[in-house]
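Colleague: So you can see what is in the structure, the chains are spelled out below.
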Amino acid sequence: MSFLEVLYFIIPSAIFYAAPLVFTAIGGVFSERSGVVNIGLEGLMVMGAFVGIIFNLTFVDTFGSMTPWVSIIAAMIVSGIFAIMHAVATISFRADQTISGVAINMLGVAIALFSVKMIYGKGQTDYIQERFVRFDIPFLSDIPVLGPMFFKDVYSTSILAFIVAIGAWFVIYKTPFGLRLRAVGEHPMAADTMGVNVTKMRYIAVILSGMLAGVGGAVYAQAISGEFSHTTINGQGFMALAAMIFGKWHPLGALGAALFFGFAQALSIIGGQIPYIDQIPSYYLHILPYVLTILAVAGFIGKAHAPKASGVPYIKGKR
Amino acid sequence: MPNRVVNILVPVISVILGLLVGAVVMVVSGYDPVAGYSALWNGIFGDSYTIGETIRQITPYLLSGLAVAFAFRTGLFNIGVEGQLLVGWFAAAYVGIAFDLPMYIHLPLAIIAAAVAGGLWAFIPGLLKAKLQVHEVIVTIMMNYIALHTTNVLTRMVADGKETTGTIKETASLKSVFFESLTDYSRLHYGIFIALAMVFVMWFILEKTTTGFELKAVGFNKNASEYAGMNVNKNIILSMVISGAFAGLAGAMEALGTFQYASVKGGFTGIGFDGIAVALLGANTPLGVVFGATLFGALKFGSLNMPNAAGIPVEIVSIVIALIIFFVACGYIIRYFLVKTNKKKEAK
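Sequences listed follow chains A and B, in order. Using the working numbering, read the first sequence as starting at 1 and increasing by one per residue. Using the working numbering, read the second sequence as starting at 320 and increasing by one per residue.
Same shape as in the complex, but just chain B (with noise of 0.2 Å):
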């Protein structure tokens, strides 16, 4: 079996395997798991509105998963795109509130700021890193809680002491009354173009440019990179401030597009720690992503369906998520019975 087609079977069967158990899960805890998976597949492709809001789902992952997955590929685990994307959230709701401006300025330089607060609170990790060699994972687990507490003086304080801000202006808005129509009043955005794009600018910047090639080395192996002249320094700090900008991109489009609002949060939305199952299951590449986040978006949207339609709580579907990435980071095992079996097939 050549090594291509193995690369892509670990993940389906990854995927497949978290299913299965999930479903087991479900008949232990005396669930009907055919109900549980019908009421998830019409909690995503019920109708017009359902499909629209899944796709609107897909959005923040795709950046999310983009974020997680470049950092990785210069060997760096970025578990604050959860931080990064509500620094994100806040500086777009923000520009969107505060300023009156045409809309060709008003709506790109809310994103803009967006991709600059979540770099911003990426730089501080990478810093870190790159002059301390302090673990990125614990500084950006604790960057976190710290864009929680920030982000939510911050909102109380544009809101005048409310839990929610006013919604944005119209001009910094990513709201489209074309998709309205088309999705029955699903908050399905325009967003989804700019997460697409940012896909392709990804895999431009990895395969296309000197500084996405310095990224990767650095990745491989950061001995050599240093040997080779390149500055590894340079490369970790930029790696993590592109991995936050996209993270914080991935929160203007939960304020410009899906909630048009700031407001204050009892706990992290998920979408950040959803984006490391994303990368990892589309392997770190942009194409990946796209795959990993459509999966995933799709049943975590769907899930909301289960409780209502099937009685099961929506924590099924993040036992299946978790499942999936616990699959995934075994996938040694699972190549290795794939290459045994197919090595038994050959010798027949």
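So here's chain A without its partners, still in its complex pose (with noise of 0.2 Å):
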């Protein structure tokens, strides 16, 4: 395998292995930008993987091919609603924001496996019929070099990924919402001094949040593991935090941080195939998404600051 066939191979998978880290990462984005911190990520993910497996399960006879996107969109509702309950404890009822995602993270998993066990009788899901499917981007995929690296074999999610981190972007640093979003996450009594209702902007932004996850767990569900268990979704949600804080907040940075992790996943998992990589013990592959975070979140970050009220409850009236 000469060196170009090896970027052929693995910067594919590495944006493959990246959608799902994007859209979960920007859902924190929105979240953290409005003033609370989203650790229950991991369990919205599980969330939007469960339903996106059981529901394409269920409706693949109805929908044929579209079943993979259906499947999409009915785990975007029900993480968008399952985070309802973070936005609930958390701002209106003033939860520590870290526990309560640490309690949504356990119930998603519970619920999940529960109704796994109850539907099915096992601890695991049958494998899905319709997937995701790559297909060549005309035109794009006949320039050399660049086609076979980013424009050939392609998942479609890919691309909605990208789509959405760069709307992300827009709307938070173009739109008057984004603007209100932003100050509610920095300085909420100013905010709602100048009478931007700071709830409100809260739960649209952990809503969101709930859904952005849906739709990674979900995708990650569809196109890479095909079923669902407990070891479906492990640490994904995790790493798509650590993105985001890796990516300083910002979308797009966040969408760079996710491709980042996706290399470090995708070459502890096909690396075996690539001349040279195969010789190292699969164990350092293995760690190696983790200690990278690890050593991103320690020695990257430098100067960035989490929005400044993000993990403090709004209490109006009180200086």
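Among the hints, erroneous ones may be present.
Derived contacts from chain A toward chain B, CB cut-off under 8 Å, selection only [unchecked claim]:
#1 Thr58
#2 Val102
#3 Ile294
Because the hints were derived from the structure by calculation, they are not lab data. Where a beta carbon is used, it is the ideal one built from N, C-alpha and C, also for glycine.
Take the two lone chains, each set in its own frame, and fit them into one complex as the hints suggest.
Modeller: Take a look at the structure:
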């Protein structure tokens, strides 16, 4: 395998593994920008993966090849509703945001596994028949070097991930809604004084983060794992959280960081097929994404600060 | 209503609400909650064997709860208890297998090895937090996964490529013949005494030593502690290390008591994550942890009886536990209603 062939092999895989992280990390950006820490992304992703697979298995005859897309929408709605729990607890009930997030994580896994056992009588679903499929983008895939790297054999979900990231950047930085969102996360009292409804903004942001994490989970389940069990979502939500921090709470930064983690993940899974890398014991490749995350969070963040009001419940009239 | 009563009522109400919502979930899913909860009850108190196993389950929960609670008191959220437990488990099993020593050296050595391993594993996030202000939640979560892969590789090495190591030497075992005869051959072991001793140790460190005072002060207000001349960074690292040592001991309980070996794991044990629930329910106090661990350990072990006796998946108990954490986290609203209803009573 030549170097270029290795790149043709690993870059599409990196994007492929990054896509679910991108969705979820962007969800995290929305939530934290509004001032609500959402460590429950993992649980929301589990919920998305679970709903996606169940919906796909149940309605595959009705929707045919469109099933994965409809399943994503179903996962998005259910995870969005699930996120309301986090929103109510943290925004209205002033719960500790990290603890509520931990509860969401535990609850997501528990509900998903409970339901799977109830429906299928075992801890694992069947494999889905309609998955996301790869396709070549016309014209673009014919470009030499770049074509096979980025535009050949791509998943439509990967393209969607890029669109969502750029869309999120536009919404957060170029619209009045985004300005209010950021204001609420930095200084809720000032925003409140200017007539911004802090509670409403935060609710919208947390629900958005749930919806995006649900999409991330459903994409992971329907493009990568193909079934749902207790190991389907195993830390991806936390990695998305790290990607958000590494990306300095910026949608495009999160996109870049997620691609980086996707690369590490791809390396740990397909590394055995690449010359030289297959000489490295698989152990090092397995821990690579996690070690890189720690290094990234420790080394590269530098002066980046979380949104100022992140993690603090807003209590009207309290200085 | 005095504040103290409210403080105790909040977790109690959370537990009741959790169990109630759990019952609703069972009804909605078409199961019989009465059969479910009686299966749970029998799974905990059915006979001397189940009681022994329940206490056996409570043992590591006590320690993982202490680990989370201790870090919380210094304002640190140690989600890495799971990973620290795994390295402690491996370290204890390794010492138990590799050495030939008289019991009075071997057993303490294996236990200390577990505590040191857990402490070292927690040292890294502590150091990163203190020196680089890296959020400990992210680092400890990542350390969990690294611990899982690392201990699996090391276990395979010790076990010559097999999935399970040999049994530890008897000189390192916490096995109790007395408890076995008492509880119809359950795996209840002497570790429960170590766990209870550690409850006392945590209380002693926090309430009776200068170090404990400093740790708590840093937890209350970092800036004020620094102004008062305390070394905040040192206290952050120390708190993480002690917390990790407790977690490592929880691993030793599994290695030297319950299982007597180390094995390759496909996923986490869950004991570390449930430690978060234990600590929260116990309001991060040593005595509270005893109650939290007793409740969750019992629920967790008792739930194993539910699929057989009532046909309900064990995950229902995980749902209940998650809901209890959720309700404890929402303590503000429970407090609000308690105070409000109380005021109405007083007005009458």
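Colleague: A closest beta-carbon separation below 8 Å is what the hint needs, so does Val102(A) meet it against chain B?
Modeller: holds, 6 Å
Colleague: Given Thr58(A) as an interface hint, is the shortest Cβ-Cβ distance to chain B below 8 Å?
Modeller: Thr58(A) check fails; min Cβ-Cβ to chain B is 17 Å, beyond 8 Å.
Colleague: With chain B as the partner, please determine if Ile294(A) meets the hint condition of a C-beta pair closer than 8 Å.
Modeller: holds, 5 Å
Going through the hint list in order, the structure does not satisfy hint 1, though it satisfies all others.
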